[in-house]
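> Guided by the hints, dock chain B onto chain A, whose structure is given.
So the protein lines, in turn, are chains A and B. For the first sequence, my numbering assigns the number 1 to the initial residue and increments by one for each residue that follows. For the second sequence, my numbering assigns the number 1 to the initial residue and increments by one for each residue that follows.
Misleading hints may appear alongside valid ones.
[To be verified] With a straight-line cut-off of 20 angstroms between C-alpha atoms, the simulated EDC-like cross-links for lysine to aspartate or glutamate are:
(1) B/Lys138 / B/Glu67
(2) B/Lys124 / A/Asp25
(3) A/Lys206 / B/Glu125
(4) B/Lys28 / B/Glu67
(5) B/Lys172 / B/Asp221
(6) B/Lys135 / B/Glu197
(7) B/Lys28 / B/Glu170
(8) B/Lys147 / A/Glu5
(9) B/Lys147 / A/Asp16
(10) A/Lys15 / B/Glu98
(11) B/Lys147 / A/Asp222
(12) A/Lys206 / B/Glu98
(13) A/Lys15 / B/Glu31
(14) B/Lys152 / A/Asp222
(15) B/Lys138 / A/Asp222
(16) B/Lys200 / B/Asp75
(17) A/Lys15 / B/Glu197
(18) B/Lys138 / B/Glu197
(19) B/Lys230 / B/Asp218
(20) A/Lys15 / A/Asp25
(21) B/Lys238 / B/Asp221
(22) B/Lys238 / B/Asp227
(23) B/Lys28 / B/Asp221
(24) B/Lys124 / A/Asp16
(25) A/Lys206 / B/Glu170
(26) B/Lys188 / B/Glu178
(27) B/Lys147 / A/Asp183
(28) A/Lys15 / B/Glu170
(29) B/Lys28 / B/Asp218
(30) B/Lys172 / B/Asp3
(31) B/Lys135 / B/Glu178
(32) B/Lys135 / A/Asp16
(33) B/Lys172 / B/Glu197
(34) B/Lys124 / B/Glu134
(35) B/Lys238 / B/Glu98
(36) B/Lys135 / B/Glu201
(37) A/Lys15 / B/Asp227
(38) B/Lys152 / A/Glu342
(39) B/Lys147 / B/Glu178
These are calculated hints, taken from the structure and not from any lab test.
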Amino acid sequence: MIYRETGHFVTNYLKDREIFPLKFDKIIVILGLLFLYLYMPTTSEYMLSAHVIPILAVGLATVGLNILTGLTGQLSLGTAGFMCVGAFGTYNLMLRMPENLMSLPVALLLSGIFAGLVGVIFGLPAIRIKGFYLLVSTLAAQYFVWWFFNSYAWFLNYESSGVVAIAPHMYDYWGLGNLLGVDMQGYPARYLLALTICIGLTYFAKNLLRSNTGRNFMSVRDRDIAASVMGISVPRTKLLAFFVSCFYCGIAGGIYSFLYIGNVDLMIYEIDRSFTILFMLIIGGLGSISGSWLGAIFVYEFPILFTWVGDTIFQGAFNTAVVENVSNMVYGVFIIALLIREPGGFAALWATTKQKLRMWPYPH
Amino acid sequence: MTDILKVENVTLQFGGVKAITDISFNVKEGEICAVIGPNGAGKSSMLNVINGVYLPQIGTVTYNGVERRSINPRDAAIAGMARTFQNIALFQGMTVLENIMTGRNLFMKSTWLEQGLNIGRARKEEQQNRLAVEKVIKFLQIESIRKTPVSKLPYGLQKRVELGRALVAEPKILLLDEPMAGMNLEEKADMSCFILEINKEQGITTVMIEHDMGVVMDISDHVVVLDYGKKIGDGSPKEVMANQDVIDAYLGVSH
Numbered sequence: 001m002i003y004r005e006t007g008h009f010v011t012n013y014l015k016d017r018e019i020f021p022l023k024f025d026k027i028i029v030i031l032g033l034l035f036l037y038l039y040m041p042t043t044s045e046y047m048l049s050a051h052v053i054p055i056l057a058v059g060l061a062t063v064g065l066n067i068l069t070g071l072t073g074q075l076s077l078g079t080a081g082f083m084c085v086g087a088f089g090t091y092n093l094m095l096r097m098p099e100n101l102m103s104l105p106v107a108l109l110l111s112g113i114f115a116g117l118v119g120v121i122f123g124l125p126a127i128r129i130k131g132f133y134l135l136v137s138t139l140a141a142q143y144f145v146w147w148f149f150n151s152y153a154w155f156l157n158y159e160s161s162g163v164v165a166i167a168p169h170m171y172d173y174w175g176l177g178n179l180l181g182v183d184m185q186g187y188p189a190r191y192l193l194a195l196t197i198c199i200g201l202t203y204f205a206k207n208l209l210r211s212n213t214g215r216n217f218m219s220v221r222d223r224d225i226a227a228s229v230m231g232i233s234v235p236r237t238k239l240l241a242f243f244v245s246c247f248y249c250g251i252a253g254g255i256y257s258f259l260y261i262g263n264v265d266l267m268i269y270e271i272d273r274s275f276t277i278l279f280m281l282i283i284g285g286l287g288s289i290s291g292s293w294l295g296a297i298f299v300y301e302f303p304i305l306f307t308w309v310g311d312t313i314f315q316g317a318f319n320t321a322v323v324e325n326v327s328n329m330v331y332g333v334f335i336i337a338l339l340i341r342e343p344g345g346f347a348a349l350w351a352t353t354k355q356k357l358r359m360w361p362y363p364h
Numbered sequence: 001m002t003d004i005l006k007v008e009n010v011t012l013q014f015g016g017v018k019a020i021t022d023i024s025f026n027v028k029e030g031e032i033c034a035v036i037g038p039n040g041a042g043k044s045s046m047l048n049v050i051n052g053v054y055l056p057q058i059g060t061v062t063y064n065g066v067e068r069r070s071i072n073p074r075d076a077a078i079a080g081m082a083r084t085f086q087n088i089a090l091f092q093g094m095t096v097l098e099n100i101m102t103g104r105n106l107f108m109k110s111t112w113l114e115q116g117l118n119i120g121r122a123r124k125e126e127q128q129n130r131l132a133v134e135k136v137i138k139f140l141q142i143e144s145i146r147k148t149p150v151s152k153l154p155y156g157l158q159k160r161v162e163l164g165r166a167l168v169a170e171p172k173i174l175l176l177d178e179p180m181a182g183m184n185l186e187e188k189a190d191m192s193c194f195i196l197e198i199n200k201e202q203g204i205t206t207v208m209i210e211h212d213m214g215v216v217m218d219i220s221d222h223v224v225v226l227d228y229g230k231k232i233g234d235g236s237p238k239e240v241m242a243n244q245d246v247i248d249a250y251l252g253v254s255h
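If we strip away everything but chain A, and leave its shape as in the complex, we get (with noise of 0.2 angstroms):
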């Protein structure tokens, strides 16, 4: 076996401390990495249009909402009108900054950061009350985020028919279309602007997770009483929480409208996709950052699988309503399913996979 884990000691606490700690592990990440850069740019429009750069954009915002719900325990139903501030923050910002000074990778970040302080403003009522009656509160967010948007036509720069196209122009950042030759606004071009921001975020969020900000994080979710007598101030740490996920939903929300559908649609973020988001989180795994990437890629695809093998194998039998239906039929049996054999997801399934692997054939 080339896969092992014997023989592998560590010697000082910054190695016990590494994400990856085996060295076949960190083999098969720069080969994924190697992969994502240079092979997937190269496959069809079709994939990434249609596959990876959706599923990076909608990744990202479950691993945003993991921050705030698997991480804080906060429970959130406001992760699409996050996305939307953000969606909406970044065309703004691209369309009313003077050209030469905003590029669209700042644009994200900035209209992330503006997300995150909007996330901040509807995270206050998390200080006083939690569980369902947070969940309410963030319920207010979503629709008063979409009810902003719809009512003030200025941001959508008077646009009457509700969607306004993004110019070719707002993509070309930095000169480096000129500079490479590349057009940027092809898919291949977003899709290594979208990979390297989720690659980049990912990596912060796991950092996170294995830090003290993680560590508090958690124990607000499992024990506020405790955390505030250990002297982690709770309303603090909540509120950063909140920050750090919407932060995260802002630019998931940016990708989303910029680097896959190519315009600002406000249709996009209503509260179903707030849903579909907690689904991916739920399937995937609260609490595991790479959970959340396998449930939003399961959801994701799930609908599309499901048509090809109705076009394939039955001829096209299925209609999109078919689809549309057994595919949130299918959810809501993984989701039972899940929360009644295996709370933790598909992450906690790849953990005991892994367990049962390391034991075989040896039952115990």
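Showing chain B alone in chain A's frame:
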């Protein structure tokens, strides 16, 4: 020796129920003070008043020479108070190591941005504090369960981990709420050893609530007895044992 903690005329009410009525006692620096009493005597409430979880209606708590009626639990922690809880308040979703590391949170000065990027100060701090945590893990002999999720541990070990989490914060005063409840004889002996060692070797003042009279009489320097929210005895273990009110409270008295 000076008094590190002075409780003066504290009264705590929940609506019409008086949990604590006009209680005063002092804790000397470096001693083990046991708070005993039958169920519902107000012992846990007393600890909660001392470290700020409850706000008393009347009375003051003087800690380290600062007199105040109430203190925020976070400020109490910063001032060097650490505690354990009666029904274990560990962070169930985290491993032993993570739980004890949480006890070091006041020593972490790096910001969340530094920690997220894993640069400079954050990296160094994580290592330095890990060293302190490992010392406590070694002291409590829980090396082998370092990476085990706390929820999978038996009760006795969970109590030990909770003691470790309080201890790693390098407190001046340690408040233990029934550290030996539900333990068998060997576990009690181990726990007594740890408490004595913490007190004698590290000089940490300890206030503990305990029901096992054998342990209380053996290891404490000073015993405070509560009954129905009132103080009925205060003194050395010997004095308290001879106190008629205490005997009545524990054994009952004919009317």
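> A separate judgement is required for each hint: does it hold in the structure or not?
Hints versus structure:
no. : hint                : in the structure
1   : B/Lys138 / B/Glu67  : violated (37 angstroms)
2   : B/Lys124 / A/Asp25  : violated (25 angstroms)
3   : A/Lys206 / B/Glu125 : holds (17 angstroms)
4   : B/Lys28 / B/Glu67   : holds (16 angstroms)
5   : B/Lys172 / B/Asp221 : holds (17 angstroms)
6   : B/Lys135 / B/Glu197 : holds (14 angstroms)
7   : B/Lys28 / B/Glu170  : holds (18 angstroms)
8   : B/Lys147 / A/Glu5   : holds (16 angstroms)
9   : B/Lys147 / A/Asp16  : holds (11 angstroms)
10  : A/Lys15 / B/Glu98   : holds (16 angstroms)
11  : B/Lys147 / A/Asp222 : holds (18 angstroms)
12  : A/Lys206 / B/Glu98  : holds (15 angstroms)
13  : A/Lys15 / B/Glu31   : violated (41 angstroms)
14  : B/Lys152 / A/Asp222 : holds (15 angstroms)
15  : B/Lys138 / A/Asp222 : violated (25 angstroms)
16  : B/Lys200 / B/Asp75  : violated (26 angstroms)
17  : A/Lys15 / B/Glu197  : violated (32 angstroms)
18  : B/Lys138 / B/Glu197 : holds (13 angstroms)
19  : B/Lys230 / B/Asp218 : violated (24 angstroms)
20  : A/Lys15 / A/Asp25   : holds (14 angstroms)
21  : B/Lys238 / B/Asp221 : holds (10 angstroms)
22  : B/Lys238 / B/Asp227 : holds (19 angstroms)
23  : B/Lys28 / B/Asp221  : holds (10 angstroms)
24  : B/Lys124 / A/Asp16  : holds (14 angstroms)
25  : A/Lys206 / B/Glu170 : violated (28 angstroms)
26  : B/Lys188 / B/Glu178 : holds (11 angstroms)
27  : B/Lys147 / A/Asp183 : violated (49 angstroms)
28  : A/Lys15 / B/Glu170  : violated (26 angstroms)
29  : B/Lys28 / B/Asp218  : holds (18 angstroms)
30  : B/Lys172 / B/Asp3   : holds (12 angstroms)
31  : B/Lys135 / B/Glu178 : violated (24 angstroms)
32  : B/Lys135 / A/Asp16  : holds (16 angstroms)
33  : B/Lys172 / B/Glu197 : holds (15 angstroms)
34  : B/Lys124 / B/Glu134 : holds (15 angstroms)
35  : B/Lys238 / B/Glu98  : violated (42 angstroms)
36  : B/Lys135 / B/Glu201 : holds (14 angstroms)
37  : A/Lys15 / B/Asp227  : violated (53 angstroms)
38  : B/Lys152 / A/Glu342 : holds (16 angstroms)
39  : B/Lys147 / B/Glu178 : violated (26 angstroms)
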